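Visitor: Residue numbering for the sequence shown is 22 to 229, as defined by the numbering used here.
Keep in mind the hints are simulated off the structure, nothing from the lab. All values reported here derive from a predicted model rather than from experimental measurement. Hints should not be assumed to be uniformly reliable.
When the alpha-carbon atoms are kept at most 20 Å apart in a straight line, the in silico EDC-like pairs for lysine to aspartate or glutamate are as follows [as the list claims (entries may be wrong)]:
1) K72 - D38
2) K72 - E122
3) K173 - E216
4) K173 - E204
5) K72 - E204
6) K98 - D136
7) K197 - E187
8) K137 - E122
9) K148 - D136
10) K218 - E204
11) K215 - D79
12) K41 - D222
13) K93 - D79
14) K184 - E204
15) K99 - E111
16) K40 - D79
17) K99 - D136
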Amino acid sequence: MLRPLIVASLPILRREDLKKVQDVDADFVELRLDYLRERVEPTELAYLKGKVIVTLRDRNEGGVGNIDHDEKEAFLKKLFDLGVMYDVEESFLRKRKVPYEGQVVSAHYFSRLPDKEEVDQIFSRFKQAYTVKVAVSNLPGYRETLAYISEKPNATFMPMNVKPMERLAFALLGSKLLYTYVEAPTAQGQMNYKEAKRLLDFLFENGK
22 MLRPLIVASL PILRREDLKK VQDVDADFVE LRLDYLRERV EPTELAYLKG
72 KVIVTLRDRN EGGVGNIDHD EKEAFLKKLF DLGVMYDVEE SFLRKRKVPY
122 EGQVVSAHYF SRLPDKEEVD QIFSRFKQAY TVKVAVSNLP GYRETLAYIS
172 EKPNATFMPM NVKPMERLAF ALLGSKLLYT YVEAPTAQGQ MNYKEAKRLL
222 DFLFENGK
């Protein structure tokens, strides 16, 4: 059983919130810049390279607010040049030419479940991603869908709208990343990163 890496989600409401990253003892901190009202330049994030995953998620992707697609494309390309990892939605990559190699490629299913063929296509197309992340709603058959995704190499997967312990349980099936939160959940079912770390430490220390 592989231990998932912990990603602690942190909404960035103002520039000063970036200072909180250094105090988070997780493998990665997800910077939710879609919460930010003021403009931040990619160069301002360069010093966080290797520690953060930058997320700019539109409302229809489960994010906050609406982001101009031209600005988003330019922002992500600059992050790529700086070597700062980001999370980009698979649907956005179908519309825009943004580098995805070494990045987190996400697919969220809010109102339906993907069939096996669709899952196969996503993982085949984005083989060079750092990980392909698939999140599905708790619709009838979602457990079977997640079990199928768990067999894919380099996969991150999670159910939505479930309790935190179920999210953790699915991550133990081989998910590369486990999404948690720093101060408050940014998605239903997230666990505080400190609690997740405590549980994983217990499970994997006792499993040696």
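Visitor: Compare the distance between the alpha carbons of K41 and D222 with 20 Å, and conclude whether the hinted pair is satisfied.
Guide: violated (23 Å)
Visitor: Verify the proposed pairing of K218 with E204, using a straight-line Cα cut of 20 Å.
Guide: Since the Cα atoms of K218 and E204 sit roughly 15 Å apart, the hinted pair holds (cutoff 20 Å).
Visitor: Do the alpha carbons of K197 and E187 lie within 20 Å of each other, as the hint requires?
Guide: Distance ~16 Å between K197 and E187 Cα, so the pair holds.
Visitor: With the threshold set at 20 Å, check whether the alpha-carbon distance from K72 to E122 stays at or below it.
Guide: Holds: K72 and E122 sit about 17 Å apart, inside 20 Å.
Visitor: Are the Cα positions of K148 and D136 separated by 20 Å at most?
Guide: holds (19 Å)
Visitor: For the pair supplied as a hint, K184 and E204, is the alpha-carbon distance within the 20 Å limit?
Guide: Roughly 17 Å separates the two Cα atoms, so the pair holds.
Visitor: Mind checking the alpha carbons of K215 and D79 for me, to see if they're no more than 20 Å apart?
Guide: Measuring from Cα to Cα gives roughly 28 Å; hence the hint is violated.
Visitor: Take a quick look at whether K99 and D136 sit within 20 Å of each other, Cα to Cα.
Guide: Violated - the C-alpha atoms of D136 and K99 are around 34 Å apart, more than 20 Å.
Visitor: Holds or violated: K40 with D79, Cα cutoff 20 Å?
Guide: violated (24 Å)
Visitor: Within a Cα-Cα threshold of 20 Å, do K99 and E111 meet the stated pairing?
Guide: holds (19 Å)
Visitor: Run the distance test for K173 versus E216: straight-line Cα separation, threshold 20 Å.
Guide: violated (27 Å)
Visitor: Given the proposed pairing of K72 with D38, does the C-alpha separation stay at or below 20 Å?
Guide: Judged against 20 Å, a Cα distance of about 15 Å means the pair holds.
Comparing the model with each numbered hint stated earlier shows that hints 3, 4, 6, 8, 11, 12, 16 and 17 do not hold.
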